[in-house]
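Protein chains in written order, with our numbering: chain A, 1 to 228; chain B, 1 to 241; chain C, 1 to 230.
Honestly, the hints are just simulated from the structure, not real lab data. Note that the structure is a prediction, hence the values are computed from the model and not measured. Among the clues, some could well be false.
[To be verified] Footprint (simulated), chain A over chain C, 3 or more residues, beta carbon under 8 Å: (1) 49-55; (2) 119-132; (3) 155-161.
Cβ coordinates follow ideal geometry from the N, Cα and C atoms, glycine included.
If you want the building blocks of each chain, they are given just below.
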Amino acid sequence: MEAFVRQVAVLLAKDVLVELRAGELIYATLLFSAIVVLLFSFAFLGGSPPTIEVTAGVLWVGLALAGMLGISRSFEREREADTLRALLLSPVSRAALYLAKMLGICLLMIAVCCVVLPALGLLFGLHIERIGLLLGLLALGILGFAAVAALFGASLGRARVRELLLPLLVYPLTVPVLLAGTRGTYAVLYGTEQSLLDAARWLRFLLVFDATALLCGLWLFEPMTAQE
Amino acid sequence: MSGLDEVEAQGVVKDYGRQRALCGVSLRLAAGQSTVLLGDNGAGKSTLLGILATLVRPTRGRVLFGGHAAESLEPGALRAQIGLLSHEVRCYGDLSARENLRFFGRLYGLRAALEERVASLIERVGLAAAADRPVRTFSRGMLQRLALARTLLHRPRLLLLDEPYTGLDRDGVTLLSHLLDEERRRGALLLITSHDLDVVAPLCDQALLLRRGRIVASARFAPGTCTATELARLCTAEAES
Amino acid sequence: MSVRRWPTTGLLLLLGLSAAGLMTAPHLILAAPAESTMGFVQRIFYFHVPSAWLAMLGAFTCGGASALFLFRGSERADHIAHAAAELTVLFGLCTIVTGPLWARKAWGVFWQWDVRLTTTLLLWIIFVTYLFARRYGGPGGRQLAAGLALFGAADVPLIYVSVSIWRTIHPKTTVVSTLDPGMRPAFWVSMLTFTVLFLALLHLRLGLEAARARYEALYLEAQDTGLLDE
Chain A
1 MEAFVRQVAV LLAKDVLVEL RAGELIYATL LFSAIVVLLF SFAFLGGSPP
51 TIEVTAGVLW VGLALAGMLG ISRSFERERE ADTLRALLLS PVSRAALYLA
101 KMLGICLLMI AVCCVVLPAL GLLFGLHIER IGLLLGLLAL GILGFAAVAA
151 LFGASLGRAR VRELLLPLLV YPLTVPVLLA GTRGTYAVLY GTEQSLLDAA
201 RWLRFLLVFD ATALLCGLWL FEPMTAQE
Chain B
1 MSGLDEVEAQ GVVKDYGRQR ALCGVSLRLA AGQSTVLLGD NGAGKSTLLG
51 ILATLVRPTR GRVLFGGHAA ESLEPGALRA QIGLLSHEVR CYGDLSAREN
101 LRFFGRLYGL RAALEERVAS LIERVGLAAA ADRPVRTFSR GMLQRLALAR
151 TLLHRPRLLL LDEPYTGLDR DGVTLLSHLL DEERRRGALL LITSHDLDVV
201 APLCDQALLL RRGRIVASAR FAPGTCTATE LARLCTAEAE S
Chain C
1 MSVRRWPTTG LLLLLGLSAA GLMTAPHLIL AAPAESTMGF VQRIFYFHVP
51 SAWLAMLGAF TCGGASALFL FRGSERADHI AHAAAELTVL FGLCTIVTGP
101 LWARKAWGVF WQWDVRLTTT LLLWIIFVTY LFARRYGGPG GRQLAAGLAL
151 FGAADVPLIY VSVSIWRTIH PKTTVVSTLD PGMRPAFWVS MLTFTVLFLA
201 LLHLRLGLEA ARARYEALYL EAQDTGLLDE
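Taking the hints into account, I'd like the entire structure generated from these sequences.
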């Protein structure tokens, strides 16, 4: 168990170190997430104040779009010098590899949140009273999204169209996350007692989704990354 | 499992769709022996190395590691004994040579003497001056030296080297031959593919010629008796028959 | 290598049965009593429900076969998964086309974010992606697609639950009524006919895959013996 945790930590630390040296991935992703919010504000803000329904949607769609850009790039980086193969050849367990990749994606998407939330506050007048509930939704939503993206990102192999395939594979499967995220956020922002109960219900749903996605990911990672 | 002392491939077949890369290859690698795998481009050498490294699953046939099928062994313990040097460098361009080796060392569970091991290997492959530069700035030959260091880092018992001499200068070639000879004395199992017969001949205990996915000729040599002429004869003898 | 006789008796039987069913069903459907509020358009239901059922059957067949392929490496399971996925896309399309036609009359709109509608649509999209991944996934595309099918099979119930929570927060339209006894023969004949048709198509598709596998094997053999060198 201790060895397992150490393997995950070594892999994750490597991803962070590479990113600290290169830097292009995180800056591009953060800039892109700001641009996405800006585009949404051009599309939705025409003088009248935005409804909270729109704000909730922009938060989650922006997160999903910017997250995907970063995820694509992070797996592309592992393929540049074929280092993904070196990881698969090393004695680390597949589960450790999967979890490290998943946690890396979580870190990236947390960074995206740090841009998108203030931008929404500025442009969409987002004002949150129940920050705890919202952060809970975001944390569980990001975990669910990352659990799916890490599995498919790592198993894309050498497909010619992998940058096209990844969003096609990940978005339909993460519809429950998007739905729970947007509706839960809407309920939090709405702020009545009844709607907060709804938000708590979405939170519980996300827990179930995350557990299912993680189990599937751990179970399928080994056979899906095996080479033909 | 400790001390892998024999690797045997039995009737290994590998199809890629309509391309049959290997058609029933059998071979045996023994401890302290080096086997040279000869053959043209596209003969199936890299595929064979991938299968022996447990990276690629054969369509048919099996590989026995110390008499056990790969599936019956603990995968982590098995992989810890394999070192594969392939065409790609498989190191992170944004990290320095030292950071790359340190990372792979940790992946292979080296802890106690990791820093010394990394430092001595860097010294050994002649990268001491460039050890802290990003790998992205390395020349082809330097990359090859780094890839070699990464392959030898965890002292694998089974060494699979795909064209290890490409990109190396004269000093590099001498160094590599010396390192491989050391590994052989240590009792490692070596499988080397190369086109440069002069360079590999002194190392060769067993030579296999792969053509279109089949082993069409083979020869064994007593230590130090193999010459480039013998290897060249092996290649042409088959072509005539 | 033995050469199988084709078409086999099983296939002929399946094809005959589905042809007979397809000829009988329209008469039964016309003879069935008209639904009081929706009238004639309700009869689309006899196509819609069987299509939806087969899309589901295909999806779960594909999921199960994909598991066998991923964990046992069974080539035949991979053929079954591929054929079942194609049928899911086909029957899913039938469901998605007939649904809105009926909805236009019943609800006044083509599309409602109804639980079953939304889930079926997403299921359909997942299986279109499955075929896409197989075709363009390159080496390892089959594993990728199989993983998608398995993950999708686990995901569909979650999609269903999430959409239904979403919809219960909003006003809900209930249209499901118990089946009039007079409609039963038409309905069950339709169900049976479609299922037999599904099996016939699956059988045909598997025959094609088997033939293709034999062809590939022969090609490789010919390559081995040097027949294709010139």
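When the hints from earlier in the document are held up against this structure, which numbers fail?
-> When the structure is compared with the hints, only number 1 turns out to be violated.
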